[in-house]
Every structure is written in structure tokens, then in C-alpha cells.
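There are 2 protein chains.
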Amino acid sequence: MIKEIINEIKNADTILVAGHIMPDGDDLSSVTSMVMGLEKIGKKVVGVIDDEIPEYLSGFEAINKCVRDFDCAKNNPADLIIIVDASSPDRVGRVQDLFEYKRVIVIDHHATNLNYGNINWVVPESASAAQLVLEVLKELNVEYDEELATINLLGIATDTGFFKYSNTNSKVFTDAAYLVDKGANLNKITNQILENKPIEHIKLMKDVLEEMRFEFDNKLAYSTVSLEMLNKYGIEQKDTPPFVGDLRSLRGVEVAIMYNQAKDNEYHISMRSKSWFDVSEVAVHFGGGGHKKAAGFSYKTDNIEELMKKVSNFIGEKL
Amino acid sequence: MIKEIINEIKNADTILVAGHIMPDGDDLSSVTSMVMGLEKIGKKVVGVIDDEIPEYLSGFEAINKCVRDFDCAKNNPADLIIIVDASSPDRVGRVQDLFEYKRVIVIDHHATNLNYGNINWVVPESASAAQLVLEVLKELNVEYDEELATINLLGIATDTGFFKYSNTNSKVFTDAAYLVDKGANLNKITNQILENKPIEHIKLMKDVLEEMRFEFDNKLAYSTVSLEMLNKYGIEQKDTPPFVGDLRSLRGVEVAIMYNQAKDNEYHISMRSKSWFDVSEVAVHFGGGGHKKAAGFSYKTDNIEELMKKVSNFIGEKL
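Each protein sequence line maps, in turn, to chains A and B.
The first sequence: position 294 = 294 (UniProt numbering), numbered continuously.
The second sequence: position 226 = 226 (UniProt numbering), numbered continuously.
Only chain A is shown next, with the shape it has when bound in the complex (with noise of 0.2 Å):
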């Protein structure tokens, strides 16, 4: 299969490379190294996602150089599509228009993948999708440097928790040897996402330990932020700190929940499990997903009561 990338990328011109919408560490992760690389070894190419950058992923110089907005990529020609980390056309945003005039390579770490592009590698086993990128990239022999390596590492960092979700198999380890060896900066990574919070952020965690509730004997969490919460500190919706690893890290919980509220009758949830327990079942019946241990949804409502009651008695039955 990687071979098949290698020679449509070799046979390409100009290339764009896109990710998701809502866009995480690995996910800008993935689509800047893949441009960077490719740009390495001759091609032109644009990296695309339709929508905003948080902010706690903004410091990196590379990913606000490689990543443009749909405008950028709709008038950039390209005979070539890699879509990265995205399990289906939809979580693309527009960039699934540019699809029936284009080839489509699908590279993605999600089971539940839909295997929508000409060419799918889909690697569930793979921690993270930046470990992909990394594979296409040493088999087209780019020659790696401080930058590229930084931001390689990123999305393996952030996507198995800093080294600590269940999903950090040896392969997580040897890689990021592999790019520590190149000259990856873990340091800038981790001042940069983890020691660089707001101090509101902070406040408002105060508040979420607030609205901490338990049922089922401590083993499910959860807690809420709404709209009102993120004004009263001036936080924007979209750099909602994820308090649902802090909820799932307390003794006895198995099962943590965020309900983040998007819009006056919006929210998104986020799920959390620590051992054994399957939220992506719970993501797919509220029409979400997500792997087993780290999955969600969003949901319109204006009763926020009415779906945690919900979302409690669906995993009540399986606790």
C-alpha cells in the first residue's frame, strides 16, 4: 500500500494536502510534516484545513506556515489530494468538493475509516497518524531536520496523551527516538501544549470541579462547560481546555465525560474510558465516533439535563 502512495506522490506535481475540521495536535501535526516533506523533495504544495486553529497549538511557526484556509486550496491546482488523520469525507469540510476532479489518497489511524479516497491506508494500530506521515516520508528518503522532526513528534505526542494513553505500543517509543535522534525538540512541544495554560484556564477549572457529578458508585464523571462559563473568564469555545482526561484521572472512575456546550442549543462531547469500557459505542449511538478509550459527539439541545440523562442511562446499562 505504501508503495502505491510513494509512486502517486513521485508522479505528482503539486500536491494538497489536507486534514480535519476541528482540528487536533495530531491532525496539524500530520498535514504540516507531510507538506514540509513533500516540499523537501520538489513538490509544490498547499496544506488545507477548513477551519480554525486553536490556540493552544498556534505557537508553531511551521504549522501557521503550512496550513492555509479552504480559499487557499480551491485556487491551487493540484493533481494530487492526501487527506490525513480524517475518517470521512465530511470531516474535511469543503475540501471534499475538490474530490471528483482529483486523485485521493486516504491516510488515516481510525478503525472506523470509510475508505472514501483511491488509494486508503488506514493503519488502526498506529498510534497516530503522524507515525504514517513519518513512514511515507522516510520511504521518499526526506532528509529530516530540527523543524521537521518538532513537528513530526507533535502529533505522536499529543494523540497517545504525551506517552500515556493505552495506545503507546514500542513503535510510539522507537519513533519518537527516531525524530529525538533527528534533533525534535520535545521541550518547545511541551512548554508549547502543556506548560503554557492560561491562567483562566485554570479558573474554570475550578468551576468544572463544581459541576463534577458521579454515578454508578464513582466510575462515571462528568462534568459541563457552558457558553456562560467560557465568558466569564473570556475563553473562546474553541480553546475549551479538555478537562475530560482530569475528570477520567480520578480514582474509580472508568468512564469521564465533557458536555462542552458549541452553541445556545449545541454541545460537544467528549468521552473518556480508562480500562475496559467501549465509548466509541456510545459515540456511534448518538451519531459521533472515535476509538475505544477516546471517542464524541455533538448534539443539539437546549436541554443539557435531557441528553446527560440520556448518555447516563445508555452507559448505566453497560457498567
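Do not rely on the hints blindly, as some may be mistaken.
No copy is singled out in the list; a pair is fine if it fits within one copy or between any two copies.
What the hints assert, rightly or not - As a list, the in silico EDC-like pairs of lysine to aspartate or glutamate whose alpha-carbon atoms are at most 20 Å apart:
id, residue 1, residue 2
1, K203, D217
2, K182, D145
3, K197, D246
4, K292, E195
In case anyone wonders, no lab produced these hints; they're calculated from the structure.
Fit chain B to the supplied structure of chain A, relying on the hints for placement.
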């Protein structure tokens, strides 16, 4: 150096392995791994730490099996003492009383090590003592199983802040990959250490955040945990959570300090820096020690405000 150590081990029948007081994850991992590894090659081994094991590390069967108290050390003969992770003799508690009758090997990664053994293998570039133990056991051709691999990885994980601190070099990742390949269960480590927070700790955290103060344009952040705060939530002093990392993670903070009350008139002060500040200088000035980005000291006073002022003044001159 390691060859000499291997020779001493080969020539000894009974071995005492000791770690430092106020043991952390790396210390307990190093002692336990060394004990288990040496037992696998047929030595009679006793592991000793002259202090209590903190609650957050008590969930590891291997530690409870291998680490005994001082009486056990006193009553067991040993041809050889191996000290791990302890930079000075007073750090091993009463175990130092046994030194004059035995050969002593010191294996450590603290640059401040006093070289107080007959053989001293001190490698400041090593992120953890557990990695030096791994080197020794590899050299002895010890066969790793899941239990040994997991307990050996524990020290690497905890002393690098789970692969986040600036000491996380490519050797850290290579060693982690090796141990995961040998069956190390990283998930067990993260679940035990990071995902097992008593709910009371998060309540205490809210209080710590209330007490938090900033100085020098937010470059210094500090807070305190008093015995009264611990009592309020029924938390034992030895189980005081390491909030200093939470303080350092805030935007703009270069130095973070926690003043943890140990007795009515004694405090344990824990310091972390983010990028450039050397907190070990501060620690040494006040009678303690440590690394550039993580150091600490103990201080006898019944006036914590006065101590805070002293420390702030000392730091302020350098910030």
C-alpha cells in the same frame, strides 16, 4: 565502570540493595528491578528503604514483594551493598550504619552525588536511575518478563514526568521501547500513578489554587499545603500530591514552588523551573539539592510567610 560493577555482583552471594528515604517512583523502581533481576541470576537479595512507601506507589505487587524495612536489612547478612538513586549517605537513612563492614556500590544519576561508595557509577545524563539498573541487568543477561519490565519502566516514566521533562532524550525512548517490547505494561503504570487520584486530592487542589500567589510578572508562582489543609481532607502528609507541576504548567511561569508543611515547624519545599532557571542553586542555598529544573529542600520554621519572602527575594534577584 559497569564492568567492575558486574564483577562485584558476580563475586557476591548475598546482596543488599538500598534506595533513599522519601522514596519516589524512580527509587522504588530501581531497588525493585535490581532485586528482581539479581534474584533471576540466583543471588540472595534483600531490597531496603528506610522509610514508608507513599500510597500512590503502593499498588505495585513487585514493590511490596521486594522492598523491606531497615530491620530486615540489619538482620540479613550481605557481602555487597548496592545503593541506587541516592546522592549522599544521609539519603539512605540508617542503611549507612552498615557501610563500614561491606563493599558499597553507588549507582546514581544525580550530578551532586558525593561518590561515597567503593565504586561509584554516576551518570548525570541519565534521565533516571532505573535506566542504569537496566544497563546492569542487560549486562548480566537477565531475562526480562512482564513484571520486571513493568517495574523497571516505572522509574523511567516517573522520573521523566511520563516522557515530558527536558531530560527525556532519545535514550529514554529507546529504553522504553525495549521494555515495552519485553512486555512492560505502561497502562498499568499510568493507571496506578496518574489515573488513580483520590477525589480528595482534587478537592485539596481547589484549595491550593485558592492559595496560589504570583510574583515578578507571574514568572514565580507558589502555593502551600498546610497540615490543616491535609487534615481537612484526611490526606496523610506523605501522600501530599505534587501540585508543583500544575503551578509550573501555567503560562508565563518560569519557577513554581510548593511549600508543603511536614510538621508544625517544618516544611518540605519543592521547586520546578520551566526553561532556563536553575532551581538547584536555590535548593543548595537553603540546604537542599536536586537538578536544574527540579530541586527541593527542607526547612525548620514556624513562620512560613517569612520563609516565602526569603525564597522569593533570593529568586527575584535572578529572575
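Requested in this report: Go through the numbered hints given earlier and state which of them the structure violates, listing their numbers in rising order.
Outcome: As far as the earlier hints go, not one is violated by this structure.
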